[in-house]
Amino acid sequence: MMLSFELPFTILPLLRFTSSRKKMRSYKNHIA
6 MMLSFELPFT
16 ILPLLRFTSS
26 RKKMRSYKNH
36 IA
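Each residue of the sequence shown is one higher than the last, beginning at 6 in the numbering used here.
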């Protein structure tokens, strides 16, 4: 139960980090 509340707080920063072109360069994730 507790994990279901914690999961968005770990997923959202990860998605924000991996969608940053400055940090990830050619490994940046795309919309599609």
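The set of hints was computed from the structure by calculation and includes no laboratory data. Hints are supplied without guarantee of correctness; some may be wrong.
Said to hold, decoys possible - With beta-carbon atoms standing in for the labels, derived distance ranges:
1) 12 - 34: 29 to 37 Å
2) 29 - 6: 28 to 36 Å
3) 30 - 10: 30 to 38 Å
Ideal placement from N, C-alpha and C gives every residue a C-beta, glycine not left out.
Structure-based check of all given hints:
no. : hint                : result
1   : 12 - 34: 29 to 37 Å : violated, 18 Å
2   : 29 - 6: 28 to 36 Å  : holds, 33 Å
3   : 30 - 10: 30 to 38 Å : holds, 33 Å
The structure shown violates just one earlier hint, number 1.
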